[in-house]
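Listed below, chain by chain, are the residues.
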Amino acid sequence: MKQRHQILNDPRFRLVYDEHRPFTEAPAPRHLRLNREGFTLAPGVKKKTQVYPGMLLATHPSMEKGDLHSSVYGVISDINVRSIFIDSADPADLDGSVRDAVVEPFDLLASGLEGDALIEAVKKLGVNTKSIGKKCDVLVINGLNPEPGVAWAEPMLDGHCPEIGAAIKLLCRIGRAGRLILAVPEGTVIDSREFDGIEIAYVEPEYPNSIGELLIKRITGIELPEGWDYVGIHNVWSLGRVALRGLPLMRTVITIGRGAQHENFIVRNGTIVGDLLEDAGIEVENGDTIFRGGPRRGEGLDRLDRSITKGAIGFFLMKAGEVPPMDGDSPCINCGACVHICPTRIDPRMLSRYAEFARFDMSRKAYFGLCVDCGLCGYVCIARRPVLQYIRLAIAKLEQEDAIKRLVPIEPIGRN
Amino acid sequence: MSDKKQVLLAVSAPPFWHCGRTIRSFSLHTLLALAPAAVLAVMQWGIPAARVMALAMLAAVLTETACRRAMGAKMTWGEDGTSAITGLLLAFLLPASAPWWIVVLGAAGAVGIGRMAFGGYGANPVCATLVGWALIYVSYPLPMDASATLLSTDLIDPLAKLRAFGADAVGLSSLDLLLGRQLGGLGAAQSGAILLGGIYIAARGIVHWQIPAAFLLGTAATASVFWIADPAAHAGPLFHIFGGSTMLAAFFLATEGSCSPHRVIPMWIFGLIGGALVVIIRTFGSYPDGAPFAVMLINLLAPMCSVIPTFPFGYRNGGRR
Chain H
34 MKQRHQILND PRFRLVYDEH RPFTEAPAPR HLRLNREGFT LAPGVKKKTQ
84 VYPGMLLATH PSMEKGDLHS SVYGVISDIN VRSIFIDSAD PADLDGSVRD
134 AVVEPFDLLA SGLEGDALIE AVKKLGVNTK SIGKKCDVLV INGLNPEPGV
184 AWAEPMLDGH CPEIGAAIKL LCRIGRAGRL ILAVPEGTVI DSREFDGIEI
234 AYVEPEYPNS IGELLIKRIT GIELPEGWDY VGIHNVWSLG RVALRGLPLM
284 RTVITIGRGA QHENFIVRNG TIVGDLLEDA GIEVENGDTI FRGGPRRGEG
334 LDRLDRSITK GAIGFFLMKA GEVPPMDGDS PCINCGACVH ICPTRIDPRM
384 LSRYAEFARF DMSRKAYFGL CVDCGLCGYV CIARRPVLQY IRLAIAKLEQ
434 EDAIKRLVPI EPIGRN
Chain U
215 MSDKKQVLLA VSAPPFWHCG RTIRSFSLHT LLALAPAAVL AVMQWGIPAA
265 RVMALAMLAA VLTETACRRA MGAKMTWGED GTSAITGLLL AFLLPASAPW
315 WIVVLGAAGA VGIGRMAFGG YGANPVCATL VGWALIYVSY PLPMDASATL
365 LSTDLIDPLA KLRAFGADAV GLSSLDLLLG RQLGGLGAAQ SGAILLGGIY
415 IAARGIVHWQ IPAAFLLGTA ATASVFWIAD PAAHAGPLFH IFGGSTMLAA
465 FFLATEGSCS PHRVIPMWIF GLIGGALVVI IRTFGSYPDG APFAVMLINL
515 LAPMCSVIPT FPFGYRNGGR R
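Respectively, the protein sequence lines represent chains H and U. Heads up, the numbering used here is the position in the first sequence plus 33, with the first residue counted as 1. Heads up, the numbering used here is the position in the second sequence plus 214, with the first residue counted as 1.
Please keep in mind that the hints were generated in silico from the structure rather than gathered at the bench. Hints may contain errors.
[What the hints assert, rightly or not] In silico negatives: residues of chain U with every beta carbon more than 12 Å from chain H:
no.: 1; residue: VAL225
no.: 2; residue: ALA249
no.: 3; residue: CYS281
no.: 4; residue: THR363
no.: 5; residue: GLY380
[To be verified] What follows is a set of in silico ranges between Cβ atoms, one per label pair, in the way DEER data are often shown:
no.: 6; chain 1: H; residue 1: ASP362; chain 2: U; residue 2: PRO357; range: 54 to 62 Å
no.: 7; chain 1: U; residue 1: ALA362; chain 2: H; residue 2: ARG397; range: 53 to 61 Å
no.: 8; chain 1: H; residue 1: GLY314; chain 2: U; residue 2: ALA331; range: 53 to 61 Å
Note that the Cβ used here is the ideal one computed from N, Cα and C, for glycine as well.
Throw the hints in and build the complete structure from the sequences for me.
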């Protein structure tokens, strides 16, 4: 009720779009830019190395992060601390060993692996296992579109549902969650052959119900119940795709949106967004805004040579003038709209000010950690303050502070 | 990509979608909501009413610009419309006969002392309009008295009459009051038009409806108590709601965001106390109309209302954090 009143019935907040078209495979990219922050390069991967689809480029020391594979035939043109750049090439122009290299499919379902061994195998196939491998009593698979504007969840539940079915089998074998619940929008018709033996919860598809914490509250009626956790259907679908194909994860599903239009694409990891826009026939002009992720929580991009990374959920273009521009330093006018709309009843008005004036100690007292990152505060802010960004700044700063506090001072040697 | 012309992208922070409402659009809607009362005031008083309203708005905007210049802040000419609203609301509390210097003094006081001294729109602890109004009302009671226009009109001031002669002597029905057939501030006297405008801004979500609802409820309840105790000496609840500037105070003055609470329970407490104070000041105070003073008093109470704690997410029912 209070949200309806504030938002004035924004139709975009309805998270079902009657979108059932199968995903379109995006054209092969001409250039790739793969994120390698935190990764260790695989032996032999350096500048001018020739690569083939599925070739291991880098591994991540954490068990929660999937390894990095090439998604095209090509040549590594550059490697810096953050990215690996690949120019794609015709296989005929490459060395014979690369041209004929075949990645042996690994059938996760038939392998009989379970528990941690299965997690490791999944990680080696490039899937991020942080949320898949959560240890909890009940794991909710969030089958809602994560944000308004993102539209791939409905096709994943009907046309593309074999992947979900396979992933659920794997999740049962990983065995870290006692119970699995698939949350789907009210009114969804579920193919019972694919989703055999899983509990289904029907949820009103209205933003912000797609935020994990709020989704669990919708299902249980309890705020932050003990032992419940969630995983997004995007991640689960990627797991299922790897399970069905046996090949490393080289593609991600994104919604490409502009204005009221949207379409879902399967895009290779590392595709440069400029190429993507060109292939989709979308013209970008001065003053437009592009962002990766969703329209609510995404990340603004400054240049067209940024890329779609693994796990990205969408890519959007917003024409200049579509929304009132954001003045960086506009002061809070205390209208209280954000306080009124916040689903976790924290005070974004004061939290944003504490961050603005670097009073992070005050953020701690104001329950900054309860923020579920829904972005409604910034959506309703009539002063166009970057409220969510301020809260994220506070969270990042306080995490740094806590990390420093955990450091143990080194005892000086030889002072006895 | 290198062969393509470089495009200059605008980088902004999430959320990228926005409800599209801005301070400026809020101001325009508020001005629209105030328009019926302004039109009725001009119909009743003619050009002098238009003169007071125009002068107050102009003085408010110019004061804001001058203050911004002095503060070294970004120069604007009142484009966001908030100072014009402050000026217009001030004019709504003045009689048509107000001399030019008092209008300018009031508007300058409202924007200069009431708002800009605290840093600008949205930082004032007390309703800016009322700071300007109190400044001139207390300093120059004679030219501020609507009774000075008695010679040119048949209207009577219901609150002055109530104070001097008791409830029976007033002789105005609730309908008369609602239709603006009373002597008082230019717009404040147009209770019906103000009510219409108030419902409009509450329905658009520009003000939280709880504050005006609680304010009017508080007025009605307190007035009822006095009225039941002694109907001859005290006026009924409808008289207090429609008479004087109660309606203007409930919808437009008490709801100013920076000096009212933002959560539901504090809003109700805030409004109820304000409504009660209106009747108490009218009954026992030394000024006939208590509504503006009541709003100023509850503005000071707003921070107290805001410290009423809420249960953060997950704290009430044994959540994990």
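How the hints compare with the structure:
| no. | hint | verdict |
| --- | --- | --- |
| 1 | VAL225 | violated, 5 Å |
| 2 | ALA249 | holds, 21 Å |
| 3 | CYS281 | holds, 15 Å |
| 4 | THR363 | holds, 37 Å |
| 5 | GLY380 | holds, 41 Å |
| 6 | H:ASP362 <-> U:PRO357: 54 to 62 Å | violated, 42 Å |
| 7 | U:ALA362 <-> H:ARG397: 53 to 61 Å | holds, 58 Å |
| 8 | H:GLY314 <-> U:ALA331: 53 to 61 Å | holds, 56 Å |
Checked against the numbered hints above, the structure violates hints 1, 6; every other hint is satisfied.
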